[in-house]
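**Student:** Sequence:
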Amino acid sequence: MAYSDSVLNHYNNPRNVGTIDKNKKNVGTGLVGAPACGDVMRLQIEVDNNGCIVDAKFKTFGCGSAIASSSLATEYLIGKSIEEAEKIKNTEIASTLCLPPIKMHCSMLAEDAIKAAIKDFREKQVTSSTEEAGNENTENKS
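Going letter by letter, the sequence shown gives residues 195 to 336 in this note's numbering.
There's no promise every hint is true.
Straight-line alpha carbon distances no greater than 16 Å define the calculated EDC-like cross-link-like pairs of lysine to aspartate or glutamate that follow [to be verified]:
hint, residue 1, residue 2
1, K283, E305
2, K219, D314
3, K216, E305
4, K274, E240
5, K253, E277
Hint data in this document are derived by calculation from the structure and do not stem from the laboratory.
Values in this document were obtained by computation on a predicted structure and should not be read as measured data.
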């Protein structure tokens, strides 16, 4: 099976490889895996106060298509709002990379990682809002 030029480009020159401090409240982390092939993908987003994704990083252990899907996903994410990011579909990633049907699970992994990162980010926002409200109540009682 020959990889497309787009897959080879993202595999040989992956964009946005790395990590962001997962303890920051404005960072969401998604960790997903594909048991059938052993691919594991961690994707992180950093969101500004306006809900815009200002950075995205990934680390993927897997085949060339999985790495390329991760790399492309981070490019798609940067500059988008959370709402826009939620609309990114695996078919969009697969189409851009010209993935064959046997490699579609790689683009699905990227979509799942995006959703998981957004979910983690949103859960942190609820937790930090609850903690801030609790601190305000404690301060008011003093």
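**Student:** Which earlier hints turn out false for this structure, listed by number in ascending order?
**Tutor:** 3, 5
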